[in-house]
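Undergrad: Assemble the whole structure, with the sequences as input and the hints as a guide.
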Amino acid sequence: MSFLREISSLKKNMFLSEKDVLLRLVAQIEAEIQQGERKNYNEVLDLSSGDLHRGGIKPITFVRQVLAACFYPALLKDDSLPLDVKERADDLLRQCEGGSVGSYTDLCGIAKIKHSVSKFITRRDGGVPSSPENIFITSGSQMALMFLLKLMIQSKVPCQTGVLIPVPTYASFTLALEDHGAAIIPYYLCEEQCWTLQVEELRRALHEGRRTCNPVALYICNPGNPTGHIQSRKSIEEVIRFAAEEKLFLLADEVYQSCVYGEDTEFESYKKVLSEMGSTISSTVELASFNSASKGFMGECGLRGGYMELVNLDPAVKEYTRILFSTRSCPPVGGQIALDLMADPPKPGDPSFPTFSEEVQSIKNMMRKNACRIQEVFGELPGISCQPLKAGFFVFPCLHFPPRALKWAKKRQMKPDMLYCLQLLEETGLHVRPGCEYGQRKDSHHIRLLVATHEDIMEDALQRLKTFHMRFMKEFS
Amino acid sequence: MTENGCEYRERVLTMDTMNPNIKRVEYAVRGPIVQRAVQIERELKMGVNKPFTEVIKANIGDCHAMGQRPITFFRQVLALCSYPDLLEDSKFPEDAKSRAHRILQACGGGSLGAYSTSQGIEMIRQDVARYIERRDGGIACDPDNIYLSTGASDAIVTMLKLLVLGEGMSRTGVMISIPQYPLYSAALAELGAVQISYYLDEDNCWSLDINELSRALQEAKKHCIPRALCIINPGNPTGQVQSRQCIEDVIRFAATENLFLMADEVYQDNVYADGCKFYSFKKVLSEMGPEYSEKVELASFHSTSKCYMGECGFRGGYMEVVNLDPEVKVQLTKLVSVRLCPPVPGQALLDVVVNPPQPDEPSYGTFIKERSETLATLAEKASMTQEILNQVPGIKCNPVQGAMYTFPRIHLPPKAILEAKEKGQSPDMFYCMKLLEEKGICLVPGSGFGQRDGTYHFRMTILPPKEKLKIVLDKIKEFHQQFTDQYS
Chain A
1 MSFLREISSL
11 KKNMFLSEKD
21 VLLRLVAQIE
31 AEIQQGERKN
41 YNEVLDLSSG
51 DLHRGGIKPI
61 TFVRQVLAAC
71 FYPALLKDDS
81 LPLDVKERAD
91 DLLRQCEGGS
101 VGSYTDLCGI
111 AKIKHSVSKF
121 ITRRDGGVPS
131 SPENIFITSG
141 SQMALMFLLK
151 LMIQSKVPCQ
161 TGVLIPVPTY
171 ASFTLALEDH
181 GAAIIPYYLC
191 EEQCWTLQVE
201 ELRRALHEGR
211 RTCNPVALYI
221 CNPGNPTGHI
231 QSRKSIEEVI
241 RFAAEEKLFL
251 LADEVYQSCV
261 YGEDTEFESY
271 KKVLSEMGST
281 ISSTVELASF
291 NSASKGFMGE
301 CGLRGGYMEL
311 VNLDPAVKEY
321 TRILFSTRSC
331 PPVGGQIALD
341 LMADPPKPGD
351 PSFPTFSEEV
361 QSIKNMMRKN
371 ACRIQEVFGE
381 LPGISCQPLK
391 AGFFVFPCLH
401 FPPRALKWAK
411 KRQMKPDMLY
421 CLQLLEETGL
431 HVRPGCEYGQ
441 RKDSHHIRLL
451 VATHEDIMED
461 ALQRLKTFHM
471 RFMKEFS
Chain B
1 MTENGCEYRE
11 RVLTMDTMNP
21 NIKRVEYAVR
31 GPIVQRAVQI
41 ERELKMGVNK
51 PFTEVIKANI
61 GDCHAMGQRP
71 ITFFRQVLAL
81 CSYPDLLEDS
91 KFPEDAKSRA
101 HRILQACGGG
111 SLGAYSTSQG
121 IEMIRQDVAR
131 YIERRDGGIA
141 CDPDNIYLST
151 GASDAIVTML
161 KLLVLGEGMS
171 RTGVMISIPQ
181 YPLYSAALAE
191 LGAVQISYYL
201 DEDNCWSLDI
211 NELSRALQEA
221 KKHCIPRALC
231 IINPGNPTGQ
241 VQSRQCIEDV
251 IRFAATENLF
261 LMADEVYQDN
271 VYADGCKFYS
281 FKKVLSEMGP
291 EYSEKVELAS
301 FHSTSKCYMG
311 ECGFRGGYME
321 VVNLDPEVKV
331 QLTKLVSVRL
341 CPPVPGQALL
351 DVVVNPPQPD
361 EPSYGTFIKE
371 RSETLATLAE
381 KASMTQEILN
391 QVPGIKCNPV
401 QGAMYTFPRI
411 HLPPKAILEA
421 KEKGQSPDMF
431 YCMKLLEEKG
441 ICLVPGSGFG
451 QRDGTYHFRM
461 TILPPKEKLK
471 IVLDKIKEFH
481 QQFTDQYS
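The listed protein sequences correspond, in order, to chains A and B.
According to my numbering, the first sequence is numbered sequentially starting from 1.
According to my numbering, the second sequence is numbered sequentially starting from 1.
In short, the hints are calculated from the structure, not lab data.
Among the clues, some could well be false.
The calculated lysine-lysine pairs, modelled on BS3-like cross-linking and capped at a C-alpha distance of 25 Å, are [said to hold, decoys possible]:
1) A:77 x B:369
2) A:77 x B:97
3) B:91 x A:58
4) A:77 x B:91
5) A:347 x A:58
6) B:329 x A:150
7) A:150 x B:334
8) B:23 x A:318
9) B:45 x A:112
10) A:86 x B:97
11) A:415 x B:334
12) B:23 x A:247
13) B:91 x A:86
14) A:150 x B:23
Here chain A is said to cover these stretches of chain B; the calculated rule only asks that three of the stretch's residues, wherever they fall, bring their Cβ under 8 Å from a Cβ of chain A [stated by the list, open to error]:
15) 10-21
16) 53-64
17) 114-124
18) 142-155
19) 331-345
Note that CB positions come from ideal geometry on N, CA and C, so glycine has one too.
TA: What follows is the structure in structure tokens.
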């Protein structure tokens with residue numbers, strides 16, 4: 001598993017904090033700017049992480065008003081807050097013991113909120129039933145994923161438990177898998193075909209994986225991170241059939257489901273497709289779907305609100321899932337409130353609806369415009385290309401390095417895309433992440449940048465990238 | 001075979017294929033007795049006739065659930081942070097606004113909704129470090145040694161993860177008191193670590209005896225490698241507050257035996273008894289000469305869930321690590337990055353807790369009043385609890401020196417013990433279930449926390465409002481008499 005070794009050693013050298021060489025450079029540059037030592041730009045432009053608010057997008061007003069009223073119920077008597085805000089806050093406070101958000105809640109989340117979430121899921125899936133009993137709320141969806149991994153992974157048996165994961169995939173997930181002692185079985189997404197998932201590749205990976213470990217689960221990210229790919233219904237069916245045949249537990253990470261902006265593109269959930277596939281499959285394939293308040297238009301990453309829905313789980317095992325939750329007390333109340341508002345937002349006729357829908361629409365428009373602009377700009381540049389942008393927060397363009405550039409990187413003993421990112425940051429102040437952090441096919445190179453940002457910021461970033469890229473290509477051609 | 005003749009697909013995840021460690025995880029505080037209590041509440045709502053009109057839940061250390069009021073100032077700051085438009089609202093005091101403003105400036109995009117770094121917002125870690133320095137009389141604290149967490153539990157489990165390794169005879173052993181807060185036993189079971197139990201001395205106010213620590217350790221060395229020693233001070237469920245001498249002895253023991261010290265200090269403001277004082281492990285360690293202060297590895301834990309704040313739902317907490325190997329610290333930082341970041345509202349709350357209103361600030365008066373009242377009420381209830389329970393023949397209650405619980409010893413007649421065993425229940429579970437069914441009071445049996453063989457206890461919180469607590473205590477008194485009569 002050379003990919004695993006690569007990621008592991010990368011993680012040792014530069015993971016998400018002070019050891020990260022790009023972040024260190026950011027800190028250095030920012031210090032220099034403060035001291036007036038920088039010439040060609042006066043601030044670092046950070047498009048490196050999937051954080052809407054950090055990127056300058058304002059939180060949804062309704063969400064923050066409800067949160068404030070829940071935290072400080074004296075506001076319920078305030079004239080300044082809209083009626084529906086007060087009603088919702090009041091309703092939520094009734095669900096809390098002692099009427100306070102400071103109380104512990106039920107381990108797997110407040111019952112009323114799980115109810116809202118299950119109704120949301122049913123609406124989303126055109127009527128497919130969803131039971132609150134199968135909803136588990138956690139401190140961010142990654143936590144839910146980790147609970148499941150804990151249940152599934154046995155490190156003591158003769159064979160290590162294996163999980164199939166896509167390449168490219170986001171970095172902290174790989175870290176989590178390692179942390180839990182899982183063997184990682186990479187399957188490569190097909191870049192030339194818009195990053196689709198091909199069953200033959202799944203088959204190849206599984207076959208390979210079976211030689212050294214015991215594969216039990218198949219992880220899919222749809223819409224994808226960092227690729228932004230969105231699976232067709234047919235593709236989802238193929239994957240489900242594959243999981244049924246090969247006896248794999250499906251882990252469907254769908255946190256970007258409400259961030260779909262491509263034309264004629266629609267998100268279909270694994271749950272929905274599964275339910276429409278005939279009883280042999282629909283009643284037996286084990287599926288966990290994940291969603292969160294961190295992505296989509298809410299972008300409330302810091303509140304830590306996520307959930308998983310479990311389908312066809314063994315009831316005895318489900319009981320142990322609950323017990324596992326007990327060692328973590330309960331999910332943070334702020335995150336639970338955010339989930340409730342995500343699942344049950346203002347409706348037409350509600351006082352907050354006009355503002356709410358305007359805010360949501362403006363984020364959607366922003367994404368579409370950014371996607372268009374990116375394709376335009378990349379279209380004009382040599383040596384950089386990207387697949388059509390349909391969903392998610394990022395773009396993952398491919399860099400086609402001239403041979404001289406590759407030699408230069410080899411001499412510096414660094415991955416070419418990492419070196420590109422360092423130079424880009426140094427020369428233009430634009431911070432993006434290198435493809436080597438996510439995994440990619442051998443000898444291919446990428447960068448990942450945030451698309452979910454203000455149009456002005458996007459334009460600024462694209463100009464900086466363009467300037468740098470032209471110079472870079474010229475120098476190494 | 002399914003109905004249409006297709007082969008039935010066996011599940012991937014079954015009790016047989018599940019991680020076997022998980023089967024050993026138990027957590028009594030929210031276990032079967034609580035589930036039954038919830039069921040009874042539902043029955044009451046549906047109008048089923050019972051010998052009581054409400055279930056009083058004295059099982060979990062949840063202050064607000066039992067009527068304790070949140071501190072106004074904290075909630076004001078949190079509201080301002082959540083919805084910054086309120087910074088223009090004249091109804092909020094200036095000191096709350098200035099704190100909210102300062103916190104928001106430290107958040108990405110000025111929002112509680114942005115990810116923070118995994119270790120926690122730097123400004124807040126600095127504030128926590130200063131708080132610790134003030135608390136410990138000026139002893140230096142490095143913000144880099146502070147890790148903010150999702151409640152103290154998160155940090156405790158993270159440290160245990162770091163400490164637990166090896167196989168078979170060389171598997172990590174972790175020392176924990178009996179009785180203990182069952183998060184520890186659950187986490188150790190989940191991690192497949194070896195639990196090394198050391199008994200607290202019930203006859204001496206649940207104090208810690210170094211000889212007992214030694215005994216437990218020597219015994220454990222035969223089948224594992226002891227690496228860590230956990231101590232809860234003030235204690236849960238026992239409520240004892242360790243003397244300074246005792247803390248020094250524990251530190252010396254840890255030094256001699258090369259053990260990593262884990263000091264769970266979440267109840268540090270909950271000290272009631274005369275002559276008792278909270279001494280932080282960090283302070284005592286720092287004052288013990290370099291052969292200890294520069295060597296002994298320590299992690300101290302604190303949270304916003306207990307004390308006078310009682311803000312469990314926010315999941316705010318931190319740990320301070322001392323004398324950690326730099327390489328291990330790197331691994332620790334990596335480990336916490338896996339869960340991305342602690343909830344930012346909890347981090348913000350922690351910041352206000354360590355930066356409360358000062359005497360010259362507008363909110364000071366109200367703040368002090370609220371804090372004193374809450375702590376004074378808890379002290380009164382602690383006193384009342386031990387007094388009333390000790391009046392009951394067959395119940396013996398050690399002084400509730402601190403924390404939020406009482407863990408009295410109950411004498412059970414042999415007939416009751418027999419009936420319990422026939423039912424396959426531990427005798428104190430049998431007792432507590434009956435108490436629940438007959439009086440509507442929910443406590444947690446001592447077996448959930450650990451106790452010496454042949455002894456029985458229950459853990460009750462002292463959190464219900466005073467009048468209700470009196471009722472609870474009287475009902476327990478009644479019940480115990482009836483129970484003893486019934487089974488004599």
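Undergrad: Which numbered hints turn out to be false for this structure?
TA: Checked against the structure, no hint fails, so every one of them is satisfied.
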